[in-house]
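Take the sequence shown: its position 131, counted from the start at 1, is 580 in our numbering, and no numbers get skipped.
Derived by calculation from the structure, the hints in this document are not laboratory data.
Mixed in with the good hints there might be a few duds.
Unchecked claim - Quick list of simulated restraints, FRET-style, between CB atoms: (1) Asn533 with Ala564: 43 to 49 Å; (2) Cys470 with Arg505: 42 to 48 Å; (3) Leu534 with Glu511: 32 to 38 Å; (4) Leu555 with Lys532: 33 to 39 Å; (5) Cys470 with Asp507: 57 to 63 Å; (6) Arg528 with Leu552: 33 to 39 Å; (7) Met498 with Gly472: 35 to 41 Å; (8) Val517 with Glu538: 26 to 32 Å; (9) Asp507 with Lys544: 37 to 43 Å; (10) Asp507 with Glu540: 45 to 51 Å; (11) Ser491 with Arg528: 35 to 41 Å; (12) Gln509 with Lys532: 32 to 38 Å; (13) Glu538 with Ile510: 48 to 54 Å.
For each residue, glycine too, the CB sits at the ideal point set by N, CA and C.
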Amino acid sequence: MVKAKNQQGDGFRLSFLDVLCCGLGAAILLLLIVKHEEPFVSEDSLLMMAEPELERLDQQIEQERVGVAQLEQTLIRLRSNVKNLTLIEAETSEKRSNLEQELRDLTIELASEVAKIEELEALTRRLMDTQEIEPIESNSNGGLRFGAISGLQFGEEDKVAILLDR
């Protein structure tokens with residue numbers, strides 16, 4: 450009797466497997482119904498959507514061109530400045546070289562003049578040291594002779610200096 454009681458029921462039973470199969474079938478049906486292609490957008494609508502971006506890019510390109518032109522002008526000006534500075538540097542270097550040569554020449558000339566002065570000073574000292582003054586002879590009337598020629602002997606050598614009195 451127990452068996453008969455279990456078999457009686459509502460008469461509608463769904464198993465888990467039945468539910469799974471129905472769900473899978475529904476998903477497959479949806480995939481078949483839905484279009485897999487991208488939606489078609491007309492060329493005109495694409496151009497209308499891209500127009501603001503194109504205008505922005507055109508403005509940016511124009512700004513970049515202006516910037517490039519300014520940079521080119523700056524580059525030309527800087528190259529001109531470099532050229533001028535190179536010329537000035539060359540002239541300055543040449544002038545410096547000339548002035549250094551002139552300084553060397555003047556230094557040599559100064560050394561020569563200093564040597565001449567020292568030689569003359571040495572001769573003057575030697576003359577003062579070795580000068581022997583001869584007594585002045587008097588004439589017959591007891592006075593000094595004027596207009597006479599006198600000679601000075603320098604050292605032991607046979608050199609004589611003649612001094613004339615006016």
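For the hint 45 to 51 Å, verify it against the beta carbon of Asp507 and that of Glu540.
Hint holds: Cβ distance 50 Å, inside 45 to 51 Å.
Given the range 33 to 39 Å, decide if the beta-carbon distance of Arg528 to Leu552 lies inside it.
About 36 Å separates the Cβ atoms of Arg528 and Leu552, which means 33 to 39 Å holds.
So does Cys470 sit 42 to 48 Å from Arg505, Cβ to Cβ?
violated, 55 Å
Could you see if the CB distance from Leu534 to Glu511 stays within 32 to 38 Å?
Holds - the Cβ-Cβ distance for Leu534 and Glu511, about 35 Å, lies within 32 to 38 Å.
Using the C-beta atoms of Gln509 and Lys532, is the stated range 32 to 38 Å upheld?
holds, 35 Å
Mind checking the hinted window 57 to 63 Å against the Cβ distance between Cys470 and Asp507?
About 60 Å separates the Cβ atoms of Cys470 and Asp507, which means 57 to 63 Å holds.
Per the hint of 26 to 32 Å, is the separation of the Cβ atoms of Val517 and Glu538 within bounds?
holds, 31 Å
If I claimed the Cβ atoms of Asp507 and Lys544 lie 37 to 43 Å apart, would that claim hold in this structure?
Given a distance of about 55 Å, which is not inside 37 to 43 Å, the answer is violated.
Hint says 35 to 41 Å; check whether the CB-CB distance for Ser491 and Arg528 agrees.
53 Å Cβ-Cβ, so the 35 to 41 Å window is violated.
Distance restraint evaluation - Glu538, Ile510, Cβ atoms, bounds 48 to 54 Å
violated, 41 Å
So does Leu555 sit 33 to 39 Å from Lys532, Cβ to Cβ?
holds, 35 Å
Go ahead and decide if the range 35 to 41 Å is satisfied by the Cβ distance of Met498 to Gly472.
The hint (35 to 41 Å, Cβ to Cβ) holds, given that Met498 and Gly472 are roughly 40 Å apart.
In this structure, the earlier hints numbered 2, 9, 11 and 13 are contradicted, and the remaining ones agree with it.
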